[in-house]
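Visitor: So you can see what is in the structure, the chains are spelled out below.
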Amino acid sequence: MKKDFNTLSNVIRLPHKYAAGPTFTRFYNGLKEGKIYGTICPSCKKVFVPARSYCPDCLKNLDEWVEVSQEGEVVAWAYSDREFFGMPGKPPVVIALIKLDGTDCNFLHLVGGIKMENPDEVKSVIKKGTRVRAAWNDEKRGHMLDIRYFEPVS
Amino acid sequence: MEKKLDYMILTDEIAIPYENAYGPTWTRFFKGLKEEIIYGTRCPKCGRVLVPARSFCSRCFVETDNWVEVSQEGALISWALTEYEYFGMPTKPPFIGALIKLDGTDTNFLHLIGGIDLSDPEYVRETVKNGMKVKAVWKEEKEGHILDIKYFAPVK
Amino acid sequence: MGKPVAIIGSGQTHHGRRFDVTYPELVKEAVDAVFENTGLSPDDIDGVVSGTMPSMMEGVALTHFYFADVLRSVGKPILKTETCGSTGISLAFTGYYWVASGMADLILVVGSEKMNEGDSQATMTTVLEPFYQRFFISGAPGIFSMQSQEWSVRFGIPEDKVRAAATRISLDHHNDAFDNPYAHIKKKLTEDEINNARIITYPVRLWDVCPNSDGACAMIFASEKMANKIGKKVSWVKGLGYSGEEYWFGDSDKVRWQCAIDAARQAYDMAGIKNPRKELDVAEVYNPFTFQELLFYECFGFCDFGKACDLTLQGTFSREGELPCDPSGGTLCTNPIGATGLNRVAEAALQVTGQAGDHQISGAKMALAHAMGGVDQYNGVMIIGSEK
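Protein chains in written order, with numbering that gives the first Met the number 0: chain A, 0 to 153; chain B, 0 to 155; chain C, 0 to 387.
There could be a bad hint or two in this list.
Some but not every residue of chain A turned toward chain C, in silico, with C-beta under 7 angstroms [as the list claims (entries may be wrong)]:
#, residue
1, N9
2, P55
3, K59
These aren't lab readings, by the way, just hints derived from the structure by calculation.
C-beta: ideal position from N, C-alpha, C; glycine also.
Chain A on its own, in the form it takes in the complex (with noise of 0.2 angstroms):
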């Protein structure tokens, strides 16, 4: 029995300014330089990448600044090639949890470099613990995606 219904089709467009800051300011003008920063917490000692402005264990303002490795191991990765309205980039993408070495907690980014025509492909090449490095754009504008992914260290 075939149901007849009416909708409404509208968009919602609403405009946003972030505030990045003092801290994402000085992340984002590393990425800009090609590197990564971290902070560290003067009480437990953990690296946190990107950097933060406190601890979330200790509640601490993190004010110590280092260059973290380019380099670290793949924790987890998810293969996507469905397409959601106002994605950011065009799939197939590959996420991933990236370990940078020398660090506390894993950096949440993009695996690429390699072919991702399907799931299988990207498995062949990737697994937990590959090993990655991360690959810049050459313009760069102090954003996240100024390093362009991960991709495998031959």
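Given the structure of chain A, go ahead and fit chains B and C onto it with the hints provided.
Guide: Quick look at chains B and C alone, frame taken from chain A:
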């Protein structure tokens, strides 16, 4: 307290699409507008005529499926002239938003007052008065939308 | 009524255009302040309540997730409340209910907003559905102007008297803000400047309207056991009331505004207040618009309907008057929507514990805090007292 701004600001725009279901009540109400009819529904318990038509009375919590064609004339209850603009405003200024008590109904209908020169606020204030009689003026082309009624104009 | 509930401390951020910090960093300022104020640590807290206006204001949905680290809610139960303008009062209510139920001893309650990161009118418009009301309710000023206009015409109050009373309110509050270290707008104004300011929606002019403020407020609600342990002067929740009307703006009379009248009456009944103007020492009324503040005085029984203008012009509601209203400058000078209602509760608590500093009302023992939410849809009132 304003601190000196030498920190970055990330500018972005969120656009999210929606498909809102009209449901049977709005569908029937808007079909009515297409035919230049304003529908209300009468509550069997309290007897109030609710407009736009509703599927239930929010005071008695009973279904209101007694549909009535309501008058297109009524008294102006309150109004405000809007001249400022913000991002994505659905109705562009200047316009007069108003509450109108259509004759024979028991809720105030939210719509526009029009058919008068809005360029001079002084003139508007002298012309638009609470209690004055207004009447629906329709668009030529109707699409089953609340603005099929162009506005309510003062009755001479 | 549940178990007695105390307010043992609060923390407010400096309000303004806070592009110097990210949103969570701003919230952290208020949270750090309340822990410093009370001498407690995050580990003492049993649960957290977070609140904002529609979180699309800042472009991040369900901000209590985003704030988990700064609220120190990791490993704790958390609730989110969003009731638009009345969010702050709803936050206070939620903290109160949680402790009054006997299921918690210490609840952290945090309201926040970064109005300047988005477009407040565009965001507020999404409170209305896209079939009908969204086309006519274009932002807050239109609604409040309609309401004020209907009120002044119904009670036959001459336009110039309404204008004079609104100007008096604007002058008083903008002056009061200078004595509130956290207030946003601190501007010396003259009557002339207020009367001739740019029109927003007639009769509302620029200085009749609140600013868009960034800020956060944190408070800790405590059981009697904890209040006794804390070793400092605390205040007590004596009464509360909250009431709302239909979604349809035209369904209820917004002049004899029943939900405002009922919210106050519920709170007064619980607190045992019969004559609010005499028994309250200070009232922090939610006042984003000067004209609407006059109507709130009437709905809350501070005076008869139609009489608020006369009493305002006599100075009844000024700082030296019989019932000082908004000695903090109120929402008119500082409006971070998700925190605003909570700021009213924080100010009321500061007043009755003698901690309001330069804007202290001498001898204050009983205070009212209030906030309104939606398109004139909901009102909440809380009575705070110095004795249990």
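Visitor: Hint by hint, note whether the structure agrees.
Guide: Evaluated hints:
| no. | hint | result |
| --- | --- | --- |
| 1 | N9 | holds (5 angstroms) |
| 2 | P55 | holds (4 angstroms) |
| 3 | K59 | violated (11 angstroms) |
Consistency with the previously given hints fails for number 3 only.
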